[in-house]
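Trainee: For reference, the chains in residue letters:
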Amino acid sequence: MWSRLLPRYVAGTLPPFLARRVQAAIDRDLDLAAAYDSLRRAERRASGRSLSTAQKDRIEAALFASPSPAAARSPMLRLLPAFAAVAAAVCFVVVRAPEEKYGVGDLASRGVKISSAPVGVKVTCLDAKGAQVLGSATAGARRAMDVLTCPQSSLLAFSTTNLGKETRHVFVVGVAADGSRRWYAPFSPGAASVAVAPGVVDDVLSSVADTSGMVAGPVSLYVLVSDQPFSADDVEHALARGQKSGVPLGHLDRLPVDFVPLQARIDVRP
Amino acid sequence: VTLEEDRALLDSYRRGDRASLAAVFRMYVEDVAKTVRSGVVVVVDGKKVRLGVRMPEHDVEAIVQETFTRAFAPRARESYDGIRPFGAYLATIARNLLIDRGRREVREAKSVVAVDDVGELADPEETDPTWRLEEEALDKILDAMKQALVEPDRSIFVCRVEKQMSFKEAAAATGLSEIVIRRRDTRMRAELLDRLRQHGFLENAKVRIGTSLLSRRSK
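Chains as they are written, first to last, in our numbering: chain A, 1 to 270; chain B, 1001 to 1219.
Hint data in this document are derived by calculation from the structure and do not stem from the laboratory.
All values reported here derive from a predicted model rather than from experimental measurement.
Beta carbons are placed, not taken as given, at the ideal position from N, Cα and C, and that holds for glycine.
Incorrect hints may appear among the rest.
Some chain A residues close to chain B (C-beta under 7 Å, calculated; not the full set) [said to hold, decoys possible]: (1) 7; (2) 8; (3) 42; (4) 45; (5) 50; (6) 51; (7) 56; (8) 59; (9) 63; (10) 127; (11) 203; (12) 241; (13) 247; (14) 258.
The shape of chain B in the complex, shown without the other chains (with noise of 0.2 Å):
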């Protein structure tokens, strides 16, 4: 179900009820952070380039955020006409914001033109052979992770990371207190990055679990 097609729901949407724009967020905001993390495909000086792939994770939230804040804003609610899809008019926002972005980031540049072939330049994620190779590491560590975990840790890992339930699902399904599982995940989390630090893939950040960064640093 989509929010044009949900007329109670876009009522109260308009109406700014705090539950329903809940409910909308919820039900959209996977699909904005697609479209974030997707980028979008503008010609800067003739040339086309993808504008914000592998951004850092704070600033795809930041995007998804603001994404949000511009659509649930008084003016935008009323001015939602109920019959283009809602999902496009997320993903136009969130475009724009991109574009936004890489504006500030490619201040040289003296044109940069947002056009709608997306399709045409490839995902850098998908040719990149490094990013590949990475994720294919990235794999055998979690392969690895997860199979070195003994119940119920393995079970809270699937629960978790996995299928990204909440913790009280979570708790449903395993049967174990929220408590336990909240102090489980983030030991596991804990032992995924030291493993990915093993692995290489922290070379530069000088990160290490139960050590402070700030006082090493003063050392």
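Isolated chain A, as found in the complex (with noise of 0.2 Å):
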């Protein structure tokens, strides 16, 4: 089994849960160990580089979900063994500092939980009069990432789905190439996330967004889902700082908002 998914991990195509144990293989099977190193080399031969896109994203994962940074680990320790990662989802104790709100840990055991029942956001695509569907595209905690291709000046209409037993928060943004925003959902700057009732199913929005007055291009559409809500306001100041900081958020695969458990996201293409 782990044999089959070694490709995946390399790539790195495969959910965290799986790639932490693929991982903790490596560590137990020293064939799958020389069978990951051996492609790891001819992936540094031809690239030059000392990590693989994979790598750094796998160790910046584990890096900002351990519980603390300060927390010593033994280099010896394999990056993150799956019976941490079951303790971490379970036994979770943060003691937050007075000026945050949060901690990384709590936010990894609060995505969990999240993640544990099907809660996301289906996006439609409607032609300009609202009259006939063009496609769908659905993400949430049970698929992190989708396409949908939308021509220009259609609508996009939205529905929430939560299976969960809790209400969830859930807030839509969209970021053009350049990093400009869109918010799509709530619509207005300012505005609080939308509450889904626990139970709730293909509940449609009341409004759409019209994509005639905007700049052309594809757009990545984030659904942000958190257990408590959060507002347009502190998701621009989230992503102004990361701005700031120099991250390209035009070209992630996940936004710089540190207070939402949980991301998905539909690219739309023109």
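Given two chains presented individually in distinct reference frames, assemble the corresponding complex, making use of the accompanying hints.
Mentor: If you want it as structure tokens, here you go:
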């Protein structure tokens, strides 16, 4: 099983929980470790880079998912053994600094909780009159990304689903390739996230977004899901801070919005 | 631009701002990995040796992660003066971790002393003829595989393997959907592993794509 998953592990296409299990298997199994080392050696030879994109992503994810950056860990211990991830999910105790609204361990724990039940957003592309469905895409806890082909001058309609037992708060923000923001749901800056009650299935939001006045080009819709309400101002503040630090907002798999435990993405192409 | 040159980033790094820490990570991770891979020269019982060369990939990843974990700890953030080059500061942490790891490997040694003249001891990756032959063989395998690929797979190989683009960047560069790139990329890695096996790179590693290692062992 692990040998079948190895190419996906090296490519970086495995979901985090499976990647951690492959990681643990590599640690246990010398043959699998040799295969991994050989694949990486070939990739290193081809690219001339010391680490691959997938390795950097994995290390970065592990770094910020740790209960505390200060928590000492022997370098001989592996990145994140599977048991540690499970333990983190069920028994995180995070001491919050007075000025902090959350801790990263707390965030990871909340993310695992949210991911356990389907919650997400469906985006439907309608023609300019709103009479014909041209396509739809879904993203959320069970689907990290999707693609929606939607021509210029059409309408985007949003619907939410929450099969969990607790209310979730959802927000959709569009980010263009140049990093500029387009607020989609809710539709005005400063608005609060949409509260999605438990048991709601495909609940259509009352307003639609008209893309006719927007600059042409691909846009990534980031679906932000939290167990606590947040606002467009919170999102904008985090994005502006990231941009100021040199984060290329228009080219990210995930936005630097710390307080949101779960993100998914829909790439909208004309 | 380095961290010590960017005062705004330095301030937010000291505060522990998540986005800034991520930016610092991206800024320095490649250099730290290079430092880790080049190893560290120490004197073990009077004899110079280079520790940390040709480490398993997971050990490299673990040491890179640990280096940043230590550099991002609140006390380290607060104590960094913003004057010393941050890259050198990270390299020092990484080398100390390599020495710690090496100490465990040479437990029987009476003394392990770090030395500064890293350059004096040749890198075995450059001098070992077997290693060089393997590298040449790898080049041929990679070249043959690339030549055998048809479009769009060849473009995906260039974007993802050679240029190390993210899926999103590769999708933008090729005009393909991210899902297509993910699938084809994975298939290419599987083919590469198969080619490595055919050329004897995994003779002692009984891994075959599509076959469960566990079930084969139980037979």
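Trainee: Does each hint fit the structure? Answer for all of them.
Mentor: Taking the hints in turn, this is what the structure says about them:
1. 7: 4 Å, holds
2. 8: 5 Å, holds
3. 42: 5 Å, holds
4. 45: 5 Å, holds
5. 50: At 4 Å from the nearest chain B Cβ, residue 50 of chain A passes the 7 Å test, so the hint holds.
6. 51: 4 Å, holds
7. 56: 6 Å, holds
8. 59: Residue 59 of chain A check passes; min Cβ-Cβ to chain B is 5 Å, inside 7 Å.
9. 63: Holds: closest Cβ of chain B sits about 6 Å from residue 63 of chain A, inside 7 Å.
10. 127: Hint violated; residue 127 of chain A Cβ to chain B Cβ min 22 Å, cut 7 Å.
11. 203: At 27 Å from the nearest chain B Cβ, residue 203 of chain A fails the 7 Å test, so the hint is violated.
12. 241: Holds - the Cβ of residue 241 of chain A comes within 7 Å of chain B, reaching about 6 Å at its closest.
13. 247: For residue 247 of chain A, the interface hint holds, since the closest Cβ of chain B sits about 6 Å away, which is under 7 Å.
14. 258: 5 Å, holds
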